[in-house]
Each structure stands twice: as C-alpha cells, then as structure tokens.
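**Q** Sequence:
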Amino acid sequence: RLLVEQVTGAVRWRECVAYMASHGATKFVECGSGKVLAGLLKRIAPQAAGISVGAPADFDAYRGFA
Numbered sequence: 274r275l276l277v278e279q280v281t282g283a284v285r286w287r288e289c290v291a292y293m294a295s296h297g298a299t300k301f302v303e304c305g306s307g308k309v310l311a312g313l314l315k316r317i318a319p320q321a322a323g324i325s326v327g328a329p330a331d332f333d334a335y336r337g338f339a
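Under my numbering, think of the first position of the sequence shown as 274, with each following residue one higher.
Please note that the accuracy of each hint is not assured.
Have a look at the derived ranges for each label pair, beta carbon to beta carbon [what the hints assert, rightly or not]:
(1) G337 with G282: 17 to 27 Å
(2) Y335 with V309: 38 to 48 Å
(3) Q279 with S306: 15 to 25 Å
(4) R274 with K300: 15 to 25 Å
(5) S295 with A334: 31 to 41 Å
(6) A334 with A298: 28 to 38 Å
(7) L275 with D333: 37 to 47 Å
(8) Q279 with R336: 10 to 20 Å
(9) G337 with A298: 12 to 22 Å
(10) A339 with K308: 16 to 26 Å
(11) P319 with R274: 30 to 40 Å
(12) V309 with A330: 30 to 40 Å
(13) E278 with D333: 21 to 31 Å
(14) A330 with G282: 31 to 41 Å
Just so you know, these hints were derived from the structure itself, not from any lab. Small disclaimer: the values here were computed from a predicted structure and weren't measured. Beta carbons: idealized from backbone N, C-alpha and C, even for Gly.
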C-alpha cells in the first residue's frame with residue numbers, strides 16, 4: 274500500500290522549492306540527467322540559482338557554484 278502511494282501520489286515540488294527559498298536557500302543542485310527541475314526552479318524561485326550535474330565532468334561546474 275505504501276509503495277503504491279509513493280509511486281502514484283502527487284509530487285509537491287513547487288511547494289518544497291518555495292518553502293526552501295522562503296527559508297533562505299539560494300542555491301540548488303539537480304543531480305541526474307536532464308535539466309527539468311532546474312527549469313522549474315527558475316519559475317518557482319527566480320531569485321535562486323541552480324545547476325544540473327548529470328555527468329562526472331559536470332562536477333567541475335559544481336565546484337565553482339558552491
């Protein structure tokens with residue numbers, strides 16, 4: 274039952290990002306291939322900065338970001 278709820282339940286990404294931004298988070302890192310969440314971040318919290326780390330070479334960008 275819990276697994277079904279986890280897989281089929283609503284994702285409250287907008288609320289999570291808005292909460293973190295309202296409590297002082299200014300930098301976000303998306304891990305994995307793609308940049309969907311980083312794109313959503315721009316709409317939810319335009320004042321925040323975000324990067325996507327999808328491959329080992331991307332970690333160089335992360336070092337300068339932190």
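**Q** Of all the hints given earlier, name the ones this structure violates by number, lowest first.
**A** Numbers 1, 2, 4, 5, 6, 8, 12, 13 - these are the hints that the structure violates, sorted from lowest upward.
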